[in-house]
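Enquirer: Dock chain B against chain A, hints included.
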Amino acid sequence: MASRKKFIWGDLLAGLLLPLGLLVLWQVISCAGWVNASILPSPVKVLKVIEDSLADGFLLKNLLISFNRVIRGFLFGSGIGFVMGTWMGLSKTAEKALGPFFHAVRNVPLVGWVPLFIIWFGFGEFSQVVFISVGAFYPVVLNTLQGIRGVRREYVELGRVFGFSRLKVFTKIILPAAVPSVFTGVRLSLSTSWMLVVAAELFGVSTGGVGNMMMDAREFFKMDIVIMGILTIGAVGFIMNQLLAAIEGHFLSWKRRTA
Amino acid sequence: MTEAGKLYIRGLNKKFNVDAKEISVLEAINLTVERGEFVSIIGTSGCGKTTLLKLIVGLGGSYEGDIILNGKRVDGPGLDRGIVFQDHRLLPWLTVSENIGFGLDAKIKKAERQEIIRKHIQLIGLRGFEKAYPYQLSGGMAQRAAIARSLVNRPAILMLDEPLGALDALTRMYMQRELEKIWKEERIAMIMVTHDVEEAIYLADKVVVMSSRPGKINKVIPIPLARPRDRDSYEFIRIKDEILKEFHLEAEKYFSYSI
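From first to last, the protein sequence lines are chains A and B. Every number in our numbering is 651 more than the matching position in the first sequence, counting from 1. Every number in our numbering is 31 more than the matching position in the second sequence, counting from 1.
Don't read these hints as lab results, they were simulated from the structure. A couple of the hints might just be wrong.
As the list claims (entries may be wrong) - Footprint (simulated), chain B over chain A, 3 or more residues, beta carbon under 8 angstroms:
{"no.": "1", "region": "808–817"}
{"no.": "2", "region": "845–852"}
Said to hold, decoys possible - Taking lysine-lysine pairs in the DSS-like style, the calculated list, with each CA pair at most 27 angstroms apart, reads:
{"no.": "3", "chain 1": "B", "residue 1": "K37", "chain 2": "B", "residue 2": "K247"}
{"no.": "4", "chain 1": "B", "residue 1": "K150", "chain 2": "A", "residue 2": "K823"}
{"no.": "5", "chain 1": "A", "residue 1": "K696", "chain 2": "A", "residue 2": "K873"}
{"no.": "6", "chain 1": "B", "residue 1": "K271", "chain 2": "B", "residue 2": "K237"}
{"no.": "7", "chain 1": "A", "residue 1": "K743", "chain 2": "B", "residue 2": "K85"}
{"no.": "8", "chain 1": "B", "residue 1": "K237", "chain 2": "B", "residue 2": "K212"}
{"no.": "9", "chain 1": "B", "residue 1": "K138", "chain 2": "A", "residue 2": "K819"}
{"no.": "10", "chain 1": "B", "residue 1": "K138", "chain 2": "A", "residue 2": "K823"}
{"no.": "11", "chain 1": "B", "residue 1": "K103", "chain 2": "B", "residue 2": "K85"}
{"no.": "12", "chain 1": "B", "residue 1": "K141", "chain 2": "A", "residue 2": "K819"}
{"no.": "13", "chain 1": "B", "residue 1": "K237", "chain 2": "B", "residue 2": "K37"}
{"no.": "14", "chain 1": "A", "residue 1": "K743", "chain 2": "A", "residue 2": "K823"}
{"no.": "15", "chain 1": "A", "residue 1": "K823", "chain 2": "B", "residue 2": "K85"}
{"no.": "16", "chain 1": "B", "residue 1": "K162", "chain 2": "A", "residue 2": "K906"}
{"no.": "17", "chain 1": "A", "residue 1": "K819", "chain 2": "B", "residue 2": "K140"}
{"no.": "18", "chain 1": "B", "residue 1": "K85", "chain 2": "A", "residue 2": "K819"}
{"no.": "19", "chain 1": "A", "residue 1": "K712", "chain 2": "A", "residue 2": "K696"}
{"no.": "20", "chain 1": "A", "residue 1": "K823", "chain 2": "B", "residue 2": "K247"}
{"no.": "21", "chain 1": "A", "residue 1": "K823", "chain 2": "B", "residue 2": "K162"}
{"no.": "22", "chain 1": "A", "residue 1": "K819", "chain 2": "B", "residue 2": "K162"}
{"no.": "23", "chain 1": "A", "residue 1": "K712", "chain 2": "A", "residue 2": "K823"}
{"no.": "24", "chain 1": "B", "residue 1": "K103", "chain 2": "B", "residue 2": "K46"}
{"no.": "25", "chain 1": "A", "residue 1": "K743", "chain 2": "B", "residue 2": "K237"}
{"no.": "26", "chain 1": "B", "residue 1": "K150", "chain 2": "A", "residue 2": "K819"}
{"no.": "27", "chain 1": "A", "residue 1": "K699", "chain 2": "A", "residue 2": "K873"}
{"no.": "28", "chain 1": "B", "residue 1": "K250", "chain 2": "A", "residue 2": "K823"}
{"no.": "29", "chain 1": "B", "residue 1": "K250", "chain 2": "B", "residue 2": "K271"}
Just so it is clear, CB atoms sit at the ideal spot from N, CA and C, and this is done for glycine as well.
The shape of chain A in the complex, shown without the other chains (with noise of 0.2 angstroms):
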C-alpha cells in the first residue's frame, strides 16, 4: 500500500514537459507577432481574462450552470441505467426481451438523436438534458448488467445456505459484489454527461454554461474566453476523473487484490 501513495517527483516533472513546453512555443509564437493576436491571443491575455472571470465570478457561475445540467442528465439516465442493467442482469427473460433492442439501438451514435430530440423536445433546456441522459444511460447499462453476471454462483449459494430470502441475497451479495463494475460505469458516465453538456449547450438554446460562454465569446471574437472555455473542460474533466478514483480506491480498497 505504501508504494501506491508514495509520489514520485520525476513523474509529475515528465508529464508537465509537454504542457509546459506548449505554452512556451504559445507565448514565443505571440510575442513574435507571427499570428494575429485577435485569433490567438497570448497566454499572458488568457491568463488575465482567467483571474477576472474568477474574480467576478463569471467562470463559476457558468460551471454551476453546466454542473446542474450535467447532474440532472446524469442522475436521470443513471439511474435508468442502473435499473434496467440490474433487471437484465438478474433476468434471463429481460436480457433476451431487452437485449437485442438495446444493442441495436446503442449503435446509433449520440449526435444522430440531436435532430429527433429538437423536433420532439425543442432547443431547449429539457431537450439537453434527455441528451445527457442518453450518453449517461449506456455506460451504466452495460457495466451494471456485467457485474450482475459476473457475480459468482458461489457466493449466491451461500445466501441460501443461510437461508437468506431473494431481495436480501441481491442485497447483502449481488449487488455489493457488483459495486467495482457499477462504479466503472458511473465514472464512465459522469465524464461523458460533461463532455455532452459541452456539446448541448452548442446545439441548443439555453443561457448560461461553459458551453454558451464559448459560444457567445466567439460571436464577440473573444478567443481568450474561448480558449479559457477549453482549459475549463478539461480540467474539469481532469479533477472529476482523478476524485472519482480516489473514491473508488478508498471504498473498493478490497477489490485490488480480488480481481
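Expert: Quick look at chain B alone, frame taken from chain A:
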C-alpha cells in the same frame, strides 16, 4: 430427547437429468450420525460425496428416501445445518468479523451479535484480525474464518466439503488439530468429505468409504482410537491399510513377515 442432534439417512437416492438421460448419483445410502459425532466420508472423485453433503445442507434439491435431522425431514436449507466449502468463500468486501457475522440469525440483537462474533474469533484464534479483509489472510486463516462463520448459528451438524484440500501439507496438519479442537469445544456433529485417508482417520469417529457411479456406501469403519491420535501408531496404520484396501491400494505386505 434422543432424537436431538441426530441425523438419519434412510434409503437415499438421488438422480440427475443429464441430456434427457437419468443418471443415478447416489443409491441406497443409509447412514446414521450421532449427536456430536465426527464422520469422515472418503471416496474417489465423482462418487457423489459433495452431492450427499449438499442434500443434507438442503441445497441439493429433491431426493428419494429420507434425510432426517432432529426428527424432521430435510427440505431446504436451515440454520440447524452449516457448511464449510473447499474454497473459503469469504466475501471479499467484508472484514473478518463482518464475514463471520454474515449469516448470523437476523433475529439476534446487535449487542449479542458482537458477543457471538467475538467468541468465535477467539475460538478460531484470529484475534487481532477482526478488521482484516480476506485478501490479507493466508489460506489457513481464511478457512478458519469460514469455519467460524458456519458455527455462529450453533448448528446441530456441520458439513465440511474438503475444507483443507487447498492448503499445503504442513498447514493442513496444523488445521486438522485445530479442527479437532473446535469440534471438541463446540460439541456438534461434523461430516467431513476428504480425499486424504490419513486426515479421515485422524479426525473421525467413523470413516464412511464410498464407491462411485452410482455413489454407494461400501463400508463404514469405526475408529476406536484415543485422541489425540498418533499417525504412526500400529493401529492407525492398520486402519489406514484397511481403508486403502477398499481402493485396492493397500501397502505391499512383505514387511509383516520379516519380524
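Enquirer: Against the earlier hints, flag every one the structure doesn't satisfy and list their numbers going up.
Expert: 2, 20, 23, 25, 28
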